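*Asks:* Below, each chain spelled out in residue letters.
There are 4 protein chains.
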Amino acid sequence: MIKVGIVGGTGYTGVELLRILINHPQVKIEVVTSRTQAGTAIKNLFPSLRGHLDLLFTKPTLENLANCNIVFFATPNGTAMKTVPELLKLGIKIIDLSADFRLKDVSVWEQWYGMEHACSDLLTDAVYGLPEWKRTEISEASIIANPGCYPTAIQLGFLPLLEAGIIDTQHLIADGKSGVSGAGRKANIGTLMGEAGESFKAYNASGHRHSPEIVQSLDEYSNDKVGLTFVPHLVPMIRGIEATLYAKLLQTSISLEDIQTLFEQRYINEPFVDVLPLNSHPETRNVRGTNMCQLAIHSSNNNIIILSVIDNLVKGAAGQAIQNMNIICGLPETTGLMGVALSP
Amino acid sequence: MIKVGIVGGTGYTGVELLRILINHPQVKIEVVTSRTQAGTAIKNLFPSLRGHLDLLFTKPTLENLANCNIVFFATPNGTAMKTVPELLKLGIKIIDLSADFRLKDVSVWEQWYGMEHACSDLLTDAVYGLPEWKRTEISEASIIANPGCYPTAIQLGFLPLLEAGIIDTQHLIADGKSGVSGAGRKANIGTLMGEAGESFKAYNASGHRHSPEIVQSLDEYSNDKVGLTFVPHLVPMIRGIEATLYAKLLQTSISLEDIQTLFEQRYINEPFVDVLPLNSHPETRNVRGTNMCQLAIHSSNNNIIILSVIDNLVKGAAGQAIQNMNIICGLPETTGLMGVALSP
Amino acid sequence: MIKVGIVGGTGYTGVELLRILINHPQVKIEVVTSRTQAGTAIKNLFPSLRGHLDLLFTKPTLENLANCNIVFFATPNGTAMKTVPELLKLGIKIIDLSADFRLKDVSVWEQWYGMEHACSDLLTDAVYGLPEWKRTEISEASIIANPGCYPTAIQLGFLPLLEAGIIDTQHLIADGKSGVSGAGRKANIGTLMGEAGESFKAYNASGHRHSPEIVQSLDEYSNDKVGLTFVPHLVPMIRGIEATLYAKLLQTSISLEDIQTLFEQRYINEPFVDVLPLNSHPETRNVRGTNMCQLAIHSSNNNIIILSVIDNLVKGAAGQAIQNMNIICGLPETTGLMGVALSP
Amino acid sequence: MIKVGIVGGTGYTGVELLRILINHPQVKIEVVTSRTQAGTAIKNLFPSLRGHLDLLFTKPTLENLANCNIVFFATPNGTAMKTVPELLKLGIKIIDLSADFRLKDVSVWEQWYGMEHACSDLLTDAVYGLPEWKRTEISEASIIANPGCYPTAIQLGFLPLLEAGIIDTQHLIADGKSGVSGAGRKANIGTLMGEAGESFKAYNASGHRHSPEIVQSLDEYSNDKVGLTFVPHLVPMIRGIEATLYAKLLQTSISLEDIQTLFEQRYINEPFVDVLPLNSHPETRNVRGTNMCQLAIHSSNNNIIILSVIDNLVKGAAGQAIQNMNIICGLPETTGLMGVALSP
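Protein chains in written order, with the working numbering: chain A, 18 to 361; chain B, 18 to 361; chain C, 18 to 361; chain D, 18 to 361.
Hints listed in this document are in silico derivations from the structure and should not be mistaken for laboratory results.
Heads up, a few of these hints could be off.
Said to hold, decoys possible - Quick partial rundown of chain C residues pointing at chain A, CB under 10 angstroms, derived from the structure:
1. 56
2. 150
3. 200
4. 205
5. 209
6. 210
Being a predicted model, the structure only gives us computed values, none of them experimental.
Note that beta-carbon positions come from the ideal geometry of N, C-alpha and C, so glycine has one too.
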């Protein structure tokens, strides 16, 4: 059994890790930490876990975590980087769901996250945990930088097009839409139901923290410096991300069927990327609670349109983290991740 | 492996049966019928099942069902009763999620459902499938009348009080609230999001079809003719039922702690009834996607207040049906039903 | 023109007062205060007011308010009572939307609100601002205690029955349901969309602050000490309250038609209470944004069932406050309050 | 008083016309027709209108409409064109909220709407009712083709940029998002709350009926043949459209401030277009129930990003129709349209 610890278990990605790990056949949940809730029964904070988990939250001390094989960080940005170096010395593998290890360029990271990085020397060791791109590196990594939610949905949509070199890399547009759970479980007026319910808006239209993360990857896919415009939007629902991606084809001779085949081939062995038939429109509810990304391809006016949906808390966070854990531990990648979407 | 068939696979209870049965370790889904969708791939109607199920809908013929051990009816009221007699002759066990076999008194049934019953002689054979009440009878039954959603939430709340004989049976009040999926997946103005969203209302306040079903059971629990007032309400959400039950204590000497103990004892061995600690308020989201009923007990002004929540599509329909199947087939009752609630 | 001030303009009742007062033909909005937002343009906090209001928030000083004829308090409980005495000395009339002046018994108030009352001598002067009950007193009052949202919906339902003396006063049940705006516009995990969305729950089932307010009025209606059980619930929507009220008829000879007539007569001259025809089910959306209370009457098992809906922010708060202002100022009571419900 | 008739009063645009016209000081609602509901009291179908309107639905006969000055068509596409010629002969002015008169090229119309046009000779007479573009022509028109909801939000965003000739007309992208009321009040599985709630999806990504309407206008603004990619999406809310528009600047020397000034100047006299300050993010709730379009401007990677929000039922339908009526009748354009947004 893999002994896992979760640092920061009181947020949405924390409880989502627990939801999935509870039924993972190879995992023993060893410790779940929370600075503020130490001593509280986890099931008292999350009655959805009653009957499944009888642990208490504990303090996030090195001692409490020392017995783990894998530690997940489900903490705000800037927390993991302070503890990771010491955990690594104990031989513990790290899967960080925050942004601390996602960017290779520390100056870009410090600019967007507004603080000094505590262990920038580890950034080169950290492997970006998108299995569809970095499976081999993940299997050998000590630190996984688990991708952000928007970046996952957007990268999986652009990846085949950029690898194939068939689109204009300078005019990529990603129109992203996320449910409110993406903003986390913290007291905040903006995500009150009275503010975010029955309304729709763009936010951070002039620049979002996930942009440099996305661009860093797209640059690599294309061996180029891409030009990306990314506008995120808030949807009055709890879970789900949809990204509508627009790219110009370099050659008009490429048919929609060619693109469809390109995507199907690229993802033919991927258990968690599902290319829908032509003329499909993926819905976030059809991947709710699952680690699946559903993609569909359309075209209009010489633009390729990619529609990409994920559950932001699963493939966009906890599920992908567990997929990465499975890879690291040599388990079948789908272990514990084959639940069917809760739809409706 | 148990070979199961589902008659009427295009509604919400049908797809919910599929969601759960797909990961049931002892089940092979043999056939899923639909008059209107025969020939269509199930995953095309329900893309949430992509990667999990490759069957087509077939016609609901005897021939197509003959190979099953268990047949679930997820059909509108009045459909199962036409086919069940022939299936029984083939030795197939029936679990009917509709109302066709729930009432023992055929005249009451015909009054509420507005049609003649096609096989009223089978009503005495049919066992009411509330495992917490009829576990032994279920294990030996050929026809299970799977309880309605409101009736499940309400009965589990009143059951210990009525069995103990400590409340005034003549003044029972059940204020029920249901998400819109209770109205089914059929074209209907009243449950459009434009009509049911961002609004709340009572409906059928002068009498709802589930009343006689509830009263029939409460009468038996109490060995009495109970007086019940039941008002259902429509909640702008998809899944979940909450019932707030009010009953007068016959003796003021009984403390809230006594009642708490009564409930805990009554349900101590029940895997799917969870009595929350005193002062709790169950939320429908904490049982979303699960077969659990969470109960909490309060008192005010000499009334006992029972709060009861279930997922109407699981413990209120498909999950309870599979729980009944497990009992019939001699499997551990929780087999395939231990998923954790999707919360948030 | 009536010069009005609003103390505490950053919450939902504050902005709702502004929404209605902006189009009130006899009102000049003189000052809107906020401790935290003083100096900010109101339209920057509430872009829904752009083009309608060009004021800045100011500090809640006596000087800033001195020029007003009427001051509305849309502040948290415990704030109005500190300033009201000084404003009264200036001859300003007060309409307090908080709970500070609602209870006549100061010890009950202090018990439920957990603080010492700052001007308990004024409690007898304060008039409870339910126009359907206290119209004359309101017209002569200096301080209006504007009723709570649940109390408004519940009192208007019970009032005719209790005045007529035809129900058992000892077993009144009020099952209340409110949208999330009732919890106010303040950072709070419990009313995040991720917590309150797509879920339903009871809260404060063993006792809610609005109970003593309701009971105080019901006692007066009935000239008795009533026994009330009140359980509030949270609905995943923004606006609206529905209350389902249960009462036992003392005499079985009274027909449903009699009760209907009783209600229609009681409210025949009330512009904001609308008794729906028999067999109706009022929906909160049909009063959204309006000052209307819609009522419907049903019966079951010798219980009378009253269904009552209001918009919690209008008839349950800002609209009723303006109705009270109209009465105080000798204006037609419906002035500024005849907008049609926004439905759907 | 203007005597108005509404043909097709049972849908969302019909009831929205009623909501606004009821409080319009210069309008008398003469007749509201419905084939299916003739004889029914309107308030029985729409209890939100109780106390405001006492008409019955009548048959849509010429006789019933003959007394009107203005007739609004709130009918499905293909209905108005059958009756309009006869009404014109009676000297009645027509405001058609359907698509029957929006396209100048009848062959394009017939291709997208799948039927033969019944009076294509009138297409040249019909004036496209976007007041910000065609105010003078509207004032003299006999038939107004009231713009679609998406087209309104999208055109108001692109208009200043195309008139100024500063963007690449060949690569316009409009990512549109609409609440479910855009699909109308008709029985339909796809817009059940159980289907459309808590989910997000694109639809008609390869081509939507509103595309030719939008392109027809954009061509005129730019004196060019534009290349537009338009992808609509369904948002789990009732009202509101947001459009995020992407366009490439032809010259990099134009600053964001220049664009802001361009927009402010273009719309300086427009009562219903509100250009928000730089760095704003318009929210649909801030225009809910109003005729306002709120716009904001951003830039990223040499793209101009325009954010545009309207209430699809008001500025996208009924409100704009009444704005057009005001223009035709020589009234101040804002008459009856100055209600404040219902927010939250």
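*Asks:* Against each hint, give a clear statement of whether it holds in the structure.
*Replies:* Going through the hints against the structure:
1. About 19 angstroms separates the beta-carbon of residue 56 of chain C from the nearest beta-carbon of chain A, more than 10 angstroms, and the hint is not met.
2. About 30 angstroms separates the beta-carbon of residue 150 of chain C from the nearest beta-carbon of chain A, more than 10 angstroms, and the hint is not met.
3. Nearest Cβ of chain A to the Cβ of residue 200 of chain C: about 8 angstroms, under the 10 angstroms cut. The hint holds.
4. A least Cβ separation of about 6 angstroms between residue 205 of chain C and chain A falls short of the 10 angstroms threshold, and the interface hint therefore holds.
5. Residue-level restraint check for residue 209 of chain C holds (minimum Cβ-Cβ distance to chain A is 5 angstroms; threshold 10 angstroms).
6. Because the beta carbon of residue 210 of chain C sits about 4 angstroms from the nearest beta carbon in chain A, less than 10 angstroms, this interface hint is met.
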